[in-house]
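Listed in order, the protein sequences are those of chains Y and B.
Under UniProt numbering, think of the first position of the first sequence as 1, with each following residue one higher.
Under UniProt numbering, think of the first position of the second sequence as 1, with each following residue one higher.
Hints may be right or wrong, so weigh each one.
To be verified - Looking from chain Y toward chain B, a few residues come up when the C-beta cut is under 10 angstroms (computed):
no., residue
1, V182
2, A273
3, Y365
These aren't lab readings, by the way, just hints derived from the structure by calculation.
Ideal placement from N, C-alpha and C gives every residue a C-beta, glycine not left out.
The chain contents come next:
Protein chains: 2
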Amino acid sequence: MGEAAATDGKRRRARGGGGAARRAERTATSFDTAPTIRRRTPTLDILSEETLALIEANAETVLEEIGVSFPENPGALARWREAGADVRGERVHIPKGLARKLCEAAPSNFTHHARNPERSVEIGGNNLVFAPVYGPPFVRDLDGGRRYGTIEDFRTFVKLGYMSKWLHLSGGTVCEPTDVPVNKRHLDMLMAHMTLSDKPYMGAVTDKDWAKDCVSMSKVLFGDAFVDQNAVMTSLININSPLTFDSVMMGTLEVYAAANQACIISPFIVGGAMAPVSVVGTLTQVLAEVMAGVAYSQLVRPGAPVIFGAFVTSIDMNSGAPTFGTPEASQITMGAGQLARRMGLPFRSAGGFTGAKLPDAQAGYESANSLQMGMNAGVNFMLHACGWLEGGLVASFEKFVMDADQLGTIHKFAAGVPDDENAQAMDAIREVGPGGHYLGCAHTQANFKTAFWRSELLDYKPFETWSEEGARDTAVLAAEKVRSMLSKYVEPAIDPGIREALNAFVAKRKEEMPDAYT
Amino acid sequence: MGEAAATDGKRRRARGGGGAARRAERTATSFDTAPTIRRRTPTLDILSEETLALIEANAETVLEEIGVSFPENPGALARWREAGADVRGERVHIPKGLARKLCEAAPSNFTHHARNPERSVEIGGNNLVFAPVYGPPFVRDLDGGRRYGTIEDFRTFVKLGYMSKWLHLSGGTVCEPTDVPVNKRHLDMLMAHMTLSDKPYMGAVTDKDWAKDCVSMSKVLFGDAFVDQNAVMTSLININSPLTFDSVMMGTLEVYAAANQACIISPFIVGGAMAPVSVVGTLTQVLAEVMAGVAYSQLVRPGAPVIFGAFVTSIDMNSGAPTFGTPEASQITMGAGQLARRMGLPFRSAGGFTGAKLPDAQAGYESANSLQMGMNAGVNFMLHACGWLEGGLVASFEKFVMDADQLGTIHKFAAGVPDDENAQAMDAIREVGPGGHYLGCAHTQANFKTAFWRSELLDYKPFETWSEEGARDTAVLAAEKVRSMLSKYVEPAIDPGIREALNAFVAKRKEEMPDAYT
Chain Y
1 MGEAAATDGK RRRARGGGGA ARRAERTATS FDTAPTIRRR TPTLDILSEE TLALIEANAE
61 TVLEEIGVSF PENPGALARW REAGADVRGE RVHIPKGLAR KLCEAAPSNF THHARNPERS
121 VEIGGNNLVF APVYGPPFVR DLDGGRRYGT IEDFRTFVKL GYMSKWLHLS GGTVCEPTDV
181 PVNKRHLDML MAHMTLSDKP YMGAVTDKDW AKDCVSMSKV LFGDAFVDQN AVMTSLININ
241 SPLTFDSVMM GTLEVYAAAN QACIISPFIV GGAMAPVSVV GTLTQVLAEV MAGVAYSQLV
301 RPGAPVIFGA FVTSIDMNSG APTFGTPEAS QITMGAGQLA RRMGLPFRSA GGFTGAKLPD
361 AQAGYESANS LQMGMNAGVN FMLHACGWLE GGLVASFEKF VMDADQLGTI HKFAAGVPDD
421 ENAQAMDAIR EVGPGGHYLG CAHTQANFKT AFWRSELLDY KPFETWSEEG ARDTAVLAAE
481 KVRSMLSKYV EPAIDPGIRE ALNAFVAKRK EEMPDAYT
Chain B
1 MGEAAATDGK RRRARGGGGA ARRAERTATS FDTAPTIRRR TPTLDILSEE TLALIEANAE
61 TVLEEIGVSF PENPGALARW REAGADVRGE RVHIPKGLAR KLCEAAPSNF THHARNPERS
121 VEIGGNNLVF APVYGPPFVR DLDGGRRYGT IEDFRTFVKL GYMSKWLHLS GGTVCEPTDV
181 PVNKRHLDML MAHMTLSDKP YMGAVTDKDW AKDCVSMSKV LFGDAFVDQN AVMTSLININ
241 SPLTFDSVMM GTLEVYAAAN QACIISPFIV GGAMAPVSVV GTLTQVLAEV MAGVAYSQLV
301 RPGAPVIFGA FVTSIDMNSG APTFGTPEAS QITMGAGQLA RRMGLPFRSA GGFTGAKLPD
361 AQAGYESANS LQMGMNAGVN FMLHACGWLE GGLVASFEKF VMDADQLGTI HKFAAGVPDD
421 ENAQAMDAIR EVGPGGHYLG CAHTQANFKT AFWRSELLDY KPFETWSEEG ARDTAVLAAE
481 KVRSMLSKYV EPAIDPGIRE ALNAFVAKRK EEMPDAYT
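Between the sequences and the hints, there should be enough to build the whole structure, so can you do that?
Put into structure tokens, the structure is as follows:
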């Protein structure tokens with residue numbers, strides 16, 4: 001990597017510790033992480049104000065006339081009734097304007113804190129942060145092929161994420177650790193995020209008791225008072241599109257919102273299956289769902305941080321398979337970004353999406369299309385930014401470092417274009433003149449180190465050198481980079497007392513629970 | 001392909017022919033080509049009006065103070081002197097405002113005619129057309145590896161281009177036919193474009209006599225009067241950056257402009273070598289060069305169609321290799337697009353650029369980045385849109401069909417987002433309701449065929465099917481598509497009299513010339 005740098009004295013601890021902790025910190029190695037991207041480039045706004053207003057009016061109609069379903073959740077129905085909605089059975093009809101009004105209590109931006117304060121990120125506004133792939137049951141690498149993920153694979157991904165300069169978050173379920181009982185996975189996953197990395201992490205969402213465990217562990221790491229006042233987790237609440245807010249996800253949302261922790265309210269849209277086959281129709285449903293979900297979060301705790309989410313793919317009408325990097329997904333994502341900005345909410349979408357089975361050219365095309373789409377859509381929180389393969393079924397080690405490298409291009413592009421005297425380079429143009437070259441001129445010498453983004457993975461060698469070195473393709477280069485990174489991994493320092501307390505919490509919770517449905 | 005369609009009666013001939021010609025047309029097979037893209041999406045304008053004005057002021061300073069060089073071209077110097085420039089030796093100092101004023105005579109858009117009028121394209125305004133890779137001495141395919149290109153390879157590329165639905169132009173030097181003497185290549189290349197395809201083509205540029213041959217052959221194909229009044233070629237005039245207009249390229253420009261044929265005036269920029277290492281500095285030089293070149297074309301023939309070109313890559317400061325798909329190239333390309341629109345000129349840039357040696361993930365990432373950049377930069381004429389590999393040293397058969405497939409995503413995206421009643425899909429949302437799915441609903445049934453862009457190359461199959469079918473990566477799928485396309489190729493009809501006249505012209509010219517430096 002060449003990025004390792006001692007940060008003695010630079011790092012503040014989130015919580016007090018003894019002399020052992022300080023000693024541990026003094027001897028620790030750290031790896032550079034680029035700060036939150038402050039976007040200086042415009043968004044690509046493909047919808048007119050008229051179309052946005054039409055979508056919003058239609059979404060209000062959907063909420064009032066069709067309504068949304070909150071099944072098996074009497075508490076939610078009671079909250080909605082009290083807020084003024086027309087609740088019939090499990091269907092909540094939300095009068096026009098009510099959801100939008102409730103959403104106003106949500107903050108337009110917030111800080112998601114990391115235990116290493118230098119790694120804390122800003123969500124919302126012109127900011128953009130990257131989180132890795134989330135959810136795949138399988139992993140793949142060049143040596144081992146495709147197989148079920150294990151906790152050891154999970155830990156390896158956390159280490160790679162920690163060492164990836166352009167990646168901001170450690171993530172959530174980077175892969176499913178299928179060798180751990182389902183009901184205990186969240187404990188081991190969170191422990192890995194907390195101890196093998198010092199970047200911000202995401203909490204468990206598939207059971208409200210597990211969400212409570214994540215809050216408890218976070219309190220051990222950050223302290224009770226800090227967690228109550230600050231977001232230390234951003235968790236992914238999927239809406240069961242169309243228009244259904246299932247009680248498991250809502251139970252988790254209730255836990256996190258009550259604890260003042262951030263949630264992404266994210267319609268899960270495979271266009272043509274969970275939403276209409278048109279862009280504007282899909283956006284109408286997305287907006288209705290997000291408005292209802294965000295409004296509900298604010299009924300639980302006004303001011304709880306929340307993100308306008310949109311996971312969007314199209315469907316291959318021949319095979320029914322989800323497709324990625326497609327023009328319709330770009331249009332929907334860009335439109336959703338415009339809608340999120342209209343509501344003053346942070347926006348989550350996009351990622352390094354692909355349907356490819358291998359980290360091959362298809363993976364490259366589709367992922368680059370998706371990453372560019374996300375950048376231009378004004379995404380604030382990009383989940384699945386690296387490692388995604390095979391429609392999200394697989395977390396690929398090689399793809400992880402490929403995508404993570406590409407994220408650097410977005411950092412550089414979004415930084416915008418300076419036009420100061422040095423950038424104008426008039427002296428250089430004068431110095432070189434017609435027919436000359438710039439390689440040796442003073443301006444080039446003064447600026448070349450930072451002038452151009454440089455991949456730390458892709459091949460830039462002459463053909464002959466590349467041939468002599470084995471004519472390696474990108475996947476082979478990436479596999480070598482994975483090995484090289486892991487060989488240099490050093491765990492970030494942590495207060496031994498906190499580590500002990502976390503271990504004790506995990507051990508106790510594991511003892512309390514039976515080994516459920518592995 | 002499944003795209004073959006008889007077009008009897010639909011096609012008009014560009015020029016009269018006898019009964020044999022009509023019979024040939026009646027029995028011909030054709031392949032769909034999508035029309036010129038009429039962009040309905042916005043451009044990504046990353047530079048402010050202030051920065052654009054600053055660049056323009058600096059470019060005017062460059063033209064006046066530093067000047068541009070027209071070596072070994074007394075005719076050009078005389079034209080410039082007469083127009084009011086301050087000519088010192090071979091250096092032309094252009095007073096502020098003069099170049100810009102001369103550029104005003106150039107049309108803001110024009111039609112590039114194909115011999116099949118259905119294949120004619122519009123250049124400029126909101127239009128976007130695609131042309132294939134241009135110039136590689138090498139070709140590559142999965143079976144034969146990397147090797148020097150031959151005329152047979154060239155013909156194969158022309159056939160693939162003819163059959164590629166999303167590709168508008170047949171192109172120019174798709175690969176160098178290195179088995180033909182250098183001074184006769186243009187004859188064989190143009191003959192291939194004229195007879196194996198009916199899409200628009202580009203003319204030779206590396207010798208003014210060869211340019212004259214291209215004009216002569218075009219007159220055989222289209223008729224003298226038609227060629228004099230209409231652009232039937234768009235040819236690539238590279239500027240020898242920085243600020244040098246060599247006599248070979250200018251000689252060719254003089255031939256084409258005098259013949260009212262279109263030229264792309266294109267600075268050839270490897271940032272850090274031929275231009276400053278900063279975005280604004282590079283744009284300043286690009287604008288100065290294009291203004292001087294376009295102005296010169298208008299001195300030759302006011303009103304001659306011309307395109308604001310910009311070929312931009314950055315350089316890897318470690319190895320000196322050009323790099324592609326980088327953020328700085330995107331910024332420069334987008335800025336150049338803004339400058340071209342300010343001047344009211346059509347804009348040429350971008351392509352499916354990559355430095356990769358193989359059609360692998362690197363090729364996918366970099367090419368997708370470049371293609372998206374071109375779309376968002378408002379490019380009107382995209383050269384190198386498909387087939388480019390290894391920094392332009394190699395034309396790849398597999399990459400050609402990969403990129404050509406991706407061009408479909410741009411066609412679809414740029415078409416914009418309808419918001420009519422069908423697109424709003426409110427009836428579908430009502431019909432499906434919370435918890436339902438859209439696969440069978442009336443709206444989906446009515447719209448699914450056109451709703452989502454579908455790749456004709458990429459893999460959308462379930463993992464198990466994909467595995468059983470041999471776990472093919474994208475390069476293997478592309479190689480199979482190349483074979484499949486070529487097996488279905490049918491030559492477009494052409495008037496036998498015209499073909500005979502073209503053959504006679506080529507034979508005569510080949511006889512007149514010695515076999516020069518192969």
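Each hint, compared with the structure:
| no. | hint | verdict |
| --- | --- | --- |
| 1 | V182 | 23 angstroms, violated |
| 2 | A273 | 6 angstroms, holds |
| 3 | Y365 | 4 angstroms, holds |
Checked against the numbered hints above, the structure breaks only hint 1 and satisfies the rest.
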